[in-house]
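Asker: Using the hints, position chains D, L and F against chain E.
Chains as they are written, first to last, in our numbering: chain E, 1 to 80; chain D, 101 to 180; chain L, 201 to 280; chain F, 301 to 380.
If you are wondering where the hints come from, they were derived from the structure by calculation, not from laboratory data.
Each statement offered as a hint is correct.
Straight-line alpha carbon distances no greater than 30 Å define the calculated DSS-like cross-link-like pairs of lysine-lysine that follow:
no., chain 1, residue 1, chain 2, residue 2
1, D, K102, D, K140
2, L, K219, E, K10
3, F, K340, L, K264
4, D, K140, F, K340
5, F, K310, E, K40
6, F, K340, E, K19
7, L, K264, D, K102
8, L, K240, L, K210
9, D, K102, D, K164
10, E, K40, E, K10
11, F, K302, F, K340
12, E, K64, E, K19
13, E, K64, L, K240
14, D, K164, D, K110
15, L, K240, E, K40
16, L, K240, L, K219
17, F, K319, F, K340
18, F, K319, F, K364
19, L, K210, D, K140
20, L, K210, E, K10
21, F, K364, D, K140
22, F, K340, F, K364
23, L, K240, F, K364
24, D, K119, F, K364
25, D, K140, D, K110
4 protein chains.
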Amino acid sequence: MKALVHVMLKPEVLDPQGKAIANACVSLGYDAVRGVRQGKLFEINLDVDEVERARTLVAEIGEKLLANSVIEDFEIVRLE
Amino acid sequence: MKALVHVMLKPEVLDPQGKAIANACVSLGYDAVRGVRQGKLFEINLDVDEVERARTLVAEIGEKLLANSVIEDFEIVRLE
Amino acid sequence: MKALVHVMLKPEVLDPQGKAIANACVSLGYDAVRGVRQGKLFEINLDVDEVERARTLVAEIGEKLLANSVIEDFEIVRLE
Amino acid sequence: MKALVHVMLKPEVLDPQGKAIANACVSLGYDAVRGVRQGKLFEINLDVDEVERARTLVAEIGEKLLANSVIEDFEIVRLE
Numbered sequence: 001m002k003a004l005v006h007v008m009l010k011p012e013v014l015d016p017q018g019k020a021i022a023n024a025c026v027s028l029g030y031d032a033v034r035g036v037r038q039g040k041l042f043e044i045n046l047d048v049d050e051v052e053r054a055r056t057l058v059a060e061i062g063e064k065l066l067a068n069s070v071i072e073d074f075e076i077v078r079l080e
Numbered sequence: 101m102k103a104l105v106h107v108m109l110k111p112e113v114l115d116p117q118g119k120a121i122a123n124a125c126v127s128l129g130y131d132a133v134r135g136v137r138q139g140k141l142f143e144i145n146l147d148v149d150e151v152e153r154a155r156t157l158v159a160e161i162g163e164k165l166l167a168n169s170v171i172e173d174f175e176i177v178r179l180e
Numbered sequence: 201m202k203a204l205v206h207v208m209l210k211p212e213v214l215d216p217q218g219k220a221i222a223n224a225c226v227s228l229g230y231d232a233v234r235g236v237r238q239g240k241l242f243e244i245n246l247d248v249d250e251v252e253r254a255r256t257l258v259a260e261i262g263e264k265l266l267a268n269s270v271i272e273d274f275e276i277v278r279l280e
Numbered sequence: 301m302k303a304l305v306h307v308m309l310k311p312e313v314l315d316p317q318g319k320a321i322a323n324a325c326v327s328l329g330y331d332a333v334r335g336v337r338q339g340k341l342f343e344i345n346l347d348v349d350e351v352e353r354a355r356t357l358v359a360e361i362g363e364k365l366l367a368n369s370v371i372e373d374f375e376i377v378r379l380e
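Excised from the complex, chain E in its bound form (with noise of 0.2 Å):
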């Protein structure tokens, strides 16, 4: 089974690199662009076949070791 998690700064923390790419997103032109936010992405591979299992170690280990409750929001937007 694999897990996609997103970890991304929660909305109220700033990002200040995700504004720079949006100021650079401008500055090439590409004025559409009103905001851009960067975070963490993590493909994890488990040698586990029930869905839910799979579900509780994948929020574990994102607790533990992929992202910082405080200051990010965790998501396991994919297991398949």
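Answerer: Here is chains D, L and F on its own, set in the frame of chain E:
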């Protein structure tokens, strides 16, 4: 319109930090973990209404500002 | 002139991925490792001759585009 | 003993996000900026007293867990 973009090292490019996280999972008792790959995530807000125009814009931005196509794969995973 | 800038999570902000690397070190037998913190590094090339002007520029760029001063520390470690 | 490690994309490997930051600098009026390269920074705490043993350990950890030597350069910049 909001686009979600994944940037991931190509499968043939070694990802030592992903490997470190996989190792850490196993050492914490999550021995069902077979591998971890790390990537980058971008959320782009666009002042564009048409999906196809948004897709074209985001693909251009990805190529110029987000991913190095020699070592990384770029994918628009959501557009809404 | 070239500036080297370190951006590091503040000491009181948890760094789960640094912790994952520390864990992985120990699990590979490097048990002298007590902790790992992960940060970002920027090398900035400037068309500026005076050190003090360069320092001022880089400090402004750091504040606006590189670091979130609420959670991160910013340091110019080299300027030459 | 504390080690500070820099991991930087090799000079011949394109760094689109560094380029985005350089673009953003110029678009904000910092037009003395000629280029930006982004890298990773690791601070490693070691329970080791001898500098040479620490250096050997950190070099091994760097190769196995921190940098992909095909695309990245690894440098121990401080050890104290």
